[in-house]
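Asker: With the first letter of the sequence shown counted as 1, position 147 gets the number 147 in this note's numbering; the numbers rise by one all the way through.
Possibly wrong hints are sitting among the right ones.
Quick list of in silico lysine-lysine cross-link-like pairs, PhoX-like style, CA-CA up to 20 Å [said to hold, decoys possible]:
1. Lys157 with Lys222
2. Lys355 with Lys339
3. Lys222 with Lys52
4. Lys234 with Lys199
5. Lys157 with Lys108
6. Lys91 with Lys108
7. Lys208 with Lys190
Across the chosen pairs, the derived CB separations fall in these ranges [unchecked claim]:
8. Leu125 with Asp254: 49 to 59 Å
9. Leu370 with Asn59: 28 to 38 Å
10. Pro24 with Val142: 34 to 44 Å
11. Gly308 with Glu39: 16 to 26 Å
12. Pro380 with Thr300: 51 to 61 Å
13. Ser169 with Tyr69: 51 to 61 Å
14. Glu140 with Leu370: 10 to 20 Å
15. Glu351 with Phe252: 45 to 55 Å
Source of the hints: derived by calculation from the structure; they are not laboratory data. All values reported here derive from a predicted model rather than from experimental measurement. Quick reminder that beta carbons are idealized off the backbone N, C-alpha and C, glycines included.
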Amino acid sequence: MKHLSDINKLQRCDRLLWLSKKQPQAFQRYVMFNENIYELTLRLFGMKEYFKGAPHDTNERFFSNVDAYDVFVSVRLEYNDLRIKMPIMRKVHDGFVLYYPYANCYPKEHEAQTYADQEWVLDHLGIRVVDRFIVRLNPEYVRQGELDLEQLLLVEKKLYNDKNKAKHSIGKLVNERKRDLTPFLEAIDKVMEEEPERKIRTNICTRKGKCEYFDVCFPNQKDVSILNLVSSSKKFELHDIQGIETISQIDFADVEGTRHQYAQYMAAKTGTLFFDAVAVSHFFRDVTYPISYLDFEWETFAFPPFDGMKPYDVLTFQYSLHIEDAKHNVRHKEFLGRKDCREDFIKQLIEDIPKTGSVMCFNVEGAEKLRLKQLAVQFPKYHEALEQIWERMVDLAIPFSSGLIYDNKMAGMYSLKKLVKIFTNKSYDELAIGDGITAMQSYAKLDEADEETIKNLLKYCAMDTYSMILVYHWVLRQLAKRKKNK
Numbered sequence: 001m002k003h004l005s006d007i008n009k010l011q012r013c014d015r016l017l018w019l020s021k022k023q024p025q026a027f028q029r030y031v032m033f034n035e036n037i038y039e040l041t042l043r044l045f046g047m048k049e050y051f052k053g054a055p056h057d058t059n060e061r062f063f064s065n066v067d068a069y070d071v072f073v074s075v076r077l078e079y080n081d082l083r084i085k086m087p088i089m090r091k092v093h094d095g096f097v098l099y100y101p102y103a104n105c106y107p108k109e110h111e112a113q114t115y116a117d118q119e120w121v122l123d124h125l126g127i128r129v130v131d132r133f134i135v136r137l138n139p140e141y142v143r144q145g146e147l148d149l150e151q152l153l154l155v156e157k158k159l160y161n162d163k164n165k166a167k168h169s170i171g172k173l174v175n176e177r178k179r180d181l182t183p184f185l186e187a188i189d190k191v192m193e194e195e196p197e198r199k200i201r202t203n204i205c206t207r208k209g210k211c212e213y214f215d216v217c218f219p220n221q222k223d224v225s226i227l228n229l230v231s232s233s234k235k236f237e238l239h240d241i242q243g244i245e246t247i248s249q250i251d252f253a254d255v256e257g258t259r260h261q262y263a264q265y266m267a268a269k270t271g272t273l274f275f276d277a278v279a280v281s282h283f284f285r286d287v288t289y290p291i292s293y294l295d296f297e298w299e300t301f302a303f304p305p306f307d308g309m310k311p312y313d314v315l316t317f318q319y320s321l322h323i324e325d326a327k328h329n330v331r332h333k334e335f336l337g338r339k340d341c342r343e344d345f346i347k348q349l350i351e352d353i354p355k356t357g358s359v360m361c362f363n364v365e366g367a368e369k370l371r372l373k374q375l376a377v378q379f380p381k382y383h384e385a386l387e388q389i390w391e392r393m394v395d396l397a398i399p400f401s402s403g404l405i406y407d408n409k410m411a412g413m414y415s416l417k418k419l420v421k422i423f424t425n426k427s428y429d430e431l432a433i434g435d436g437i438t439a440m441q442s443y444a445k446l447d448e449a450d451e452e453t454i455k456n457l458l459k460y461c462a463m464d465t466y467s468m469i470l471v472y473h474w475v476l477r478q479l480a481k482r483k484k485n486k
């Protein structure tokens, strides 16, 4: 049995298709879907009686019930060994109206290809489509009390481009994308006969997110590989056409020449750490004690769970705070909340964090500062106190992300986990909860969590701030060593 997702994988890479069948990967969620968009859509339209499809349904189950119902949900249908699932179908006198519920705010135009491919199956089964609608989340909706479905859900006949603008009707987009799927289905059968050859790495492997099988296909890539050159659109041409394997082999005039690329080039050329002491010293010149090393954990909710929240708002439920004084004494504060803990989080943070000194974070703009600004909007009476915190923030990531500091073992990356492993003798590997995704999953079950899970959550967040201390002090030692050697 084949699915439309198989065709999508085939079009990206035949090896991706083969591996997905032979070595399926566990799904990782990044968003909490705390409501069922199908159920909300049915409630919005007052659709109380409907046919509900189920896994392993045959075409016969749908057709034998087509006269008994007007609304059909999660209908499984197949043609030529291709199986599809239709979200919501409403029967009218001359065919069916299709409803596509989305638990996001801007369904994109590329979704029309899926609709067109589904209609290829429907056409062959004699099911006539007379209209199509999307149901999406209203990004401006702010929850107050119970969910207001008429405000939360928007029913439209257009899809959105990459700039979140709706220009073309679903019907127009679908008609432009209709195609015969027979060649794709035959190609899938051929690919599955034997494992495809290993590929040369291209931008397809990382476009719109790194392929889930990237490390399977490229397990032994050198740290200094030309393919690790950051922000370069030319590295694949240099690798595939000119045969350049390592960053040290490039002619610097052949690439974009960014600061980060220069750092990579110099580190690869010399085989040593690249460390721009003057720039690093200048960057940290205004850091003052006490230093508050601060890290948050949060969960993103597709549907606003509490008052004052919008679709895809985040709930910041945890922080770790290491405070280092001028004599390098360190003390630790922490918070872990349940349910709607936003105001408790704010109050405790304001109480725990020193009123003076620098606040050091990692990836400030997209993390801690952004979270505090969101909380300030939701709880305006704390705006001034929260602003006083974010205005003192220093981003420890910038010297590494901008190329002021580069070690070949970074391999083009600069996550805190990677840095602490390279520059210190510590690692996240020893932790029961060792990444943010696992932390979110643990938080989702926090109400039923045992003491061990809670302890592991606290340890993980504390490891982030402790790692910042280790990395920052490594930077200070490097500066001191270079000053001494002048």
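Asker: Would you mind marking each hint as holding or not holding in the structure?
Answerer: Results of checking the hints against the structure:
1. Lys157 with Lys222: violated (49 Å)
2. Lys355 with Lys339: This hinted pair is violated, its Cα atoms lying about 28 Å apart.
3. Lys222 with Lys52: violated (52 Å)
4. Lys234 with Lys199: holds (18 Å)
5. Lys157 with Lys108: holds (12 Å)
6. Lys91 with Lys108: Outside the cut-off at roughly 26 Å; violated.
7. Lys208 with Lys190: Between lysine 208 and lysine 190 the Cα gap is close to 27 Å, so the pair fails against 20 Å, i.e. violated.
8. Leu125 with Asp254: 49 to 59 Å: holds (55 Å)
9. Leu370 with Asn59: 28 to 38 Å: Check failed, 49 Å falls outside 28 to 38 Å.
10. Pro24 with Val142: 34 to 44 Å: holds (39 Å)
11. Gly308 with Glu39: 16 to 26 Å: holds (24 Å)
12. Pro380 with Thr300: 51 to 61 Å: violated (22 Å)
13. Ser169 with Tyr69: 51 to 61 Å: violated (28 Å)
14. Glu140 with Leu370: 10 to 20 Å: holds (19 Å)
15. Glu351 with Phe252: 45 to 55 Å: Holds - the Cβ-Cβ distance for glutamate 351 and phenylalanine 252, about 52 Å, lies within 45 to 55 Å.
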